[in-house]
Amino acid sequence: MAELCIVVPSLEKAQLLRTLTLSQFTTTQSAWSEYLNQNHDANESLTYLNDVVSYFSETLPLTRLYIGNEFCERLLPSESELRAFYELANENKLKITLLSAPQTHDSIHNLRKLLKILCQLDPEPELVVNDLGTLSLISAFPTLKPILGRTLTTMNKIPQMAARPPRDLTKSQIFAISEISLSQEKRLAWYKSKYGIHRFECDATPQRPSYSPRKSQTSGSLYIPWVYLAGSRCCELAGLNLP
Amino acid sequence: MTPIVGLTLSEIPMPDLEALIKLGFRTFYFGITFPEWQQKFNRVLLAHRDSNGLATDFLGLVERLAILKEKGCQYFLSLDAPFYPDSESNFVETAIQFAEKNEVKGIIISDLNLVVTYTDLHIPFYLSSAIDIQNPATLSVLNQPNIKGVFLPTKSTLTALGQIIHYNPNKTLEIGLSMWARDCLFGSGQCQSDCHMHRVPLCRKVMKRKLECDVSKDLEFITSLTENTGQHAAVQPISEKDQIRFLNRSSYWQNQGIAYADDFPFECGLCAWEKVAPLAPQYLDFNLSNLPIDEIHHYSRVIQKLIKTENPTPKQCQSALNRPGMCQSRSRCLYQDAFETKESTNG
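Heads up: the protein sequence lines correspond to chains A and B, in order. First residue of the first sequence: 1, per this note's numbering; consecutive thereafter. First residue of the second sequence: 1, per this note's numbering; consecutive thereafter.
Just chain A, same shape as in the assembly (with noise of 0.2 Å):
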């Protein structure tokens, strides 16, 4: 059965959205440290991701709310916004989806913690995981559905290639950009059996990825429009108001 998923960012994400689309966008420099350093209701947010959510819930047949951020762990929901979440989706009769990123030390123990709070909360979680490390973390809760998210979903990006592959393209090589790390039969093999995974995400290329869930006895994820490329601790968002 198909899902129709949405990626609802953090409450600080959604709150600079919600006054970039009120400031028609105006991104001067000034105006973003400006915005920075206000401080920000944090129903105001949750008003704006209503708006969003009753949006696309009119325009498409949603089934689900992917909650929290896949790049960045600092962006994890904090403890009161996940609850907030699951209120929000229930009230939409949606499911959630809980979003991790590669987690370091710190931030792992802190995913922990949320992780309880979503088995408590829902009774049958969902977490899609972007770091080898908190695979780790998944014995510990047995109700616990792992996703494999797309940073580690290796597949051809190349932004030479953005909005289609060249036309002279030979076979073979639309062959080899077609390749993706989900055809491996032994990685797939190896993520079911040690850690139950049984969907993952990828990227939705021009050129058509060779994974075919059907015949790998998975299920996949496609994300759209926008395709991870590459990570960075440059962050356009953290860093604006940097000097």
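Treat the hints with care, since some could be wrong.
[As the list claims (entries may be wrong)] Straight-line C-alpha distance at most 30 Å; calculated DSS-like pairs for lysine-lysine:
(1) B:LYS105 with B:LYS69
(2) B:LYS105 with B:LYS148
(3) B:LYS69 with A:LYS192
(4) A:LYS186 with B:LYS101
(5) A:LYS192 with B:LYS171
(6) B:LYS71 with B:LYS148
(7) A:LYS194 with A:LYS113
(8) B:LYS22 with B:LYS148
(9) A:LYS95 with A:LYS215
(10) A:LYS215 with A:LYS186
(11) A:LYS145 with A:LYS171
(12) A:LYS192 with A:LYS95
(13) B:LYS101 with B:LYS71
(14) A:LYS157 with A:LYS113
(15) A:LYS113 with A:LYS145
(16) B:LYS148 with B:LYS69
(17) A:LYS113 with B:LYS105
(18) B:LYS22 with B:LYS105
(19) B:LYS148 with A:LYS186
(20) B:LYS71 with A:LYS186
(21) B:LYS69 with B:LYS171
(22) A:LYS145 with A:LYS215
(23) A:LYS194 with A:LYS171
(24) A:LYS194 with B:LYS69
(25) B:LYS71 with A:LYS194
(26) A:LYS186 with B:LYS22
(27) B:LYS148 with B:LYS101
Calculated directly from the structure, the hints in this document are not laboratory data.
Given the coordinates of chain A, work out where chain B should sit on it, guided by the hints.
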């Protein structure tokens, strides 16, 4: 513990190799590109980058390895493409056989599939920095008998690196740090000039396309796709204009050197010595692979000087590096030149 300094072995002329050994280098890395790969993939694969320590001349490579062996040096095979599809397993087999035959110390990999596939090799695996180990828990997950060492990622903070080394659950595991001699503006480890020269003009093309496209059609397509394939689709509620603006600003800020902020340890591999040496890793790999040989000579002298200095002070590090034109400011200028040239070429 005295760190071991490695040098990525490009297709270095034999006299230069001998000179480097005389300078004191004792650890080398090499990669292999098969002629079939070049013919098959041409320049499409990201793993195929010219002059990046990838040897295509097998006989020449064997000759160089023989010299290294004779001089008592250790050498690693770097088989670290992000992944090797099952269809390429015969090439991987050949490379591993080559490594066994030539008595390499270890094989550096970034494809976990090799770990789960080759469980009974005589040669141990060393996990590349591309595996992106961010916490000690990852070392527990990867505690496999065929893994002997790891190289920690270049994009971690000093704090994170220190925690991984301190809380490492497997004390027999060898831990190394890989650093770039030239700074890399992206934490991804991609070549800065290669990446940047394409990035901004590309962003503009993407922007133009994105502004013209109809998002609702994309959504319709994805909805139909998920219905047909049973896949699980996620839609991110962020406007196109917003994403484009972020993309654009990200490039802008990276151009301005934001990557040097905070305690980013790898702004320049050599400048980072004073920060990284106290962490006491067992290996320090200075990746010099894209440098011309005269610069390798310069760096090798600097590195050797630093190695001989126990617990170097910041002043000693600065003094050793004090060569006009080779500090990070030059790297920034080089990048800036490349960027401006590309901009003007693109009109």
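Going down the list of hints, with the structure as the test:
1. B:LYS105 with B:LYS69: holds, 11 Å
2. B:LYS105 with B:LYS148: holds, 10 Å
3. B:LYS69 with A:LYS192: Not satisfied, since the Cα-Cα distance of roughly 42 Å exceeds 30 Å.
4. A:LYS186 with B:LYS101: Roughly 26 Å between the alpha carbons, so the hint for LYS186 of chain A and LYS101 of chain B holds.
5. A:LYS192 with B:LYS171: Answer holds: LYS192 of chain A to LYS171 of chain B is near 28 Å, not above 30 Å.
6. B:LYS71 with B:LYS148: Status holds; Cα separation ~24 Å.
7. A:LYS194 with A:LYS113: This hinted pair holds, its Cα atoms lying about 23 Å apart.
8. B:LYS22 with B:LYS148: holds, 28 Å
9. A:LYS95 with A:LYS215: holds, 27 Å
10. A:LYS215 with A:LYS186: Distance of about 14 Å is within 30 Å: holds.
11. A:LYS145 with A:LYS171: Judged against 30 Å, a Cα distance of about 38 Å means the pair is violated.
12. A:LYS192 with A:LYS95: This hinted pair holds, its Cα atoms lying about 23 Å apart.
13. B:LYS101 with B:LYS71: holds, 18 Å
14. A:LYS157 with A:LYS113: violated, 34 Å
15. A:LYS113 with A:LYS145: holds, 16 Å
16. B:LYS148 with B:LYS69: holds, 21 Å
17. A:LYS113 with B:LYS105: violated, 42 Å
18. B:LYS22 with B:LYS105: holds, 21 Å
19. B:LYS148 with A:LYS186: Within the cut-off at roughly 21 Å; holds.
20. B:LYS71 with A:LYS186: Cα-Cα ~39 Å, so violated.
21. B:LYS69 with B:LYS171: Holds: LYS69 of chain B and LYS171 of chain B sit about 28 Å apart, inside 30 Å.
22. A:LYS145 with A:LYS215: Status holds; Cα separation ~21 Å.
23. A:LYS194 with A:LYS171: violated, 36 Å
24. A:LYS194 with B:LYS69: violated, 40 Å
25. B:LYS71 with A:LYS194: violated, 44 Å
26. A:LYS186 with B:LYS22: Distance ~44 Å between LYS186 of chain A and LYS22 of chain B Cα, so the pair is violated.
27. B:LYS148 with B:LYS101: holds, 19 Å
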